[in-house]
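Residue numbering for the sequence shown is 24 to 456, as defined by the numbering used here.
None of these hints come from the bench; they were simulated from the model.
Given the structure is predicted, the values throughout are model-derived calculations rather than measurements.
All the given hints hold, so there is nothing to weed out.
Derived CB-CB ranges, DEER-like:
| id | residue 1 | residue 2 | range |
| --- | --- | --- | --- |
| 1 | G64 | R178 | 18 to 24 Å |
| 2 | P408 | R178 | 19 to 25 Å |
| 3 | L111 | R178 | 28 to 34 Å |
| 4 | A61 | R313 | 51 to 57 Å |
Ideal Cβ placement from N, Cα and C applies to all residues, glycine included.
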Amino acid sequence: MLITDDFLPVPVPESLTATYLVPMVGLPKVGTKTAVRALAGRLAEPVYGLATQMLDSPLMSVDTRPVAEFPALPPDLLTAFGASQEQLDRLAAATHLVVVQAEYRPGWPPAHEWAARAVAAAVAESAGGDVVDVFGLQFLDPATALRSLPDDQGRIRLVDWVLVPYSSDAEGLWFTTKGLRRFGLLELQTQGVPDHLTRAWGAVLTGAARRLLRAWTDGLAGDEVPAFVQLPVLATVTGHDIAVAYGNPEQHGATAPVLLRLELDPATDPEADSFLSLRPPPGHPGPDGRYYAAACATLFDGIAPDVRYARPGDAMSRAIATAREGLDDVRARFLAGQLPAESQLVVKYGLPGDEGPEYVWAGVTSWDAPERIVGASASDASTDPTVRIGAPVVVEAADVVDWAVLGATGVIEGGWTQAVLDAGERPTPSSGD
Numbered sequence: 024m025l026i027t028d029d030f031l032p033v034p035v036p037e038s039l040t041a042t043y044l045v046p047m048v049g050l051p052k053v054g055t056k057t058a059v060r061a062l063a064g065r066l067a068e069p070v071y072g073l074a075t076q077m078l079d080s081p082l083m084s085v086d087t088r089p090v091a092e093f094p095a096l097p098p099d100l101l102t103a104f105g106a107s108q109e110q111l112d113r114l115a116a117a118t119h120l121v122v123v124q125a126e127y128r129p130g131w132p133p134a135h136e137w138a139a140r141a142v143a144a145a146v147a148e149s150a151g152g153d154v155v156d157v158f159g160l161q162f163l164d165p166a167t168a169l170r171s172l173p174d175d176q177g178r179i180r181l182v183d184w185v186l187v188p189y190s191s192d193a194e195g196l197w198f199t200t201k202g203l204r205r206f207g208l209l210e211l212q213t214q215g216v217p218d219h220l221t222r223a224w225g226a227v228l229t230g231a232a233r234r235l236l237r238a239w240t241d242g243l244a245g246d247e248v249p250a251f252v253q254l255p256v257l258a259t260v261t262g263h264d265i266a267v268a269y270g271n272p273e274q275h276g277a278t279a280p281v282l283l284r285l286e287l288d289p290a291t292d293p294e295a296d297s298f299l300s301l302r303p304p305p306g307h308p309g310p311d312g313r314y315y316a317a318a319c320a321t322l323f324d325g326i327a328p329d330v331r332y333a334r335p336g337d338a339m340s341r342a343i344a345t346a347r348e349g350l351d352d353v354r355a356r357f358l359a360g361q362l363p364a365e366s367q368l369v370v371k372y373g374l375p376g377d378e379g380p381e382y383v384w385a386g387v388t389s390w391d392a393p394e395r396i397v398g399a400s401a402s403d404a405s406t407d408p409t410v411r412i413g414a415p416v417v418v419e420a421a422d423v424v425d426w427a428v429l430g431a432t433g434v435i436e437g438g439w440t441q442a443v444l445d446a447g448e449r450p451t452p453s454s455g456d
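When you get a sec, could you build the whole thing from the sequences and use the hints?
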């Protein structure tokens, strides 16, 4: 095995196992093979064939067990990963669990995950129940589980398979991925991320996961499973990586790549997980958080995608008024093709939330009617699960509080509210920024 300063050897597990549960009251009334046959014509053929073949092989097992025979699932973690009270109630009322397990070698395709999820979704659909992804500690309704499976070209949205939880400490935010071990790869982590980059860095880490997973599976493409795969110590992430990971490859912008340094962070506790840490490249001056903020500015065209403010003071009110006064003029220039070459027009608008509006940015793609703007979201919204990076959005002009024209190096024109926030009206970030 070649070890150089340019590559990091990452160990490869011998095999991988996927486990899915279907809680139910009583025993299943529909056989597993009958339930899977009901998916014919609804799943992409490679996945349907894979599921039926593995179901007939020793690589997959489907067992029905009393609930008491299976370790209790932690309701607090299930809730943290999106479980509703109705789903938790159905789990509490269940008398039996259908346990679907599949085993396969590391590599692509991840046959164990695709086949086991498909079979579990078929069983849950036939019983009118839920799927529990044991690895991700997530409830999935059957329709959502089936939508997450590959299309005819074998494409998936990585966000359906890899989560990015985070927590806060004295150094800032600690981000990890949860899902790369499905594919045999160690999970990623970043520490010391400034608080105001919550959603932006989650997207960056998802894009980095997509890029590294591709390198990982390329290293496993041979007939024999190697003991190690060499991953690049300096990994690049682009807007395209993020857009593809979110299932919107056509929405990516031509962003410059961002460099991140990969470090192996082995666990000292044998029961704990090892991580691959992402950090600034060598030679970066200043705290790590400053680099993360600059990386987000590059990947999101110089506009922070997750700006909130609850108390617009006089400066903010003037900024919003200034932006709104210029809307008609910038729309006219956008329609006439009079904005600077290679620039992009973006607008900021409010989404309703329990704690007040959440303000997000969107890139303008068309603006035919004065009152309605069609665009692509530049960020994930926490208040609306349909607003995701690259996803199409329709914005009412009355909801716009700011706009900006972006060039290769940042804001060319506009961005008045952002200037107010940058001057000190947003919450003070951690000392890392």
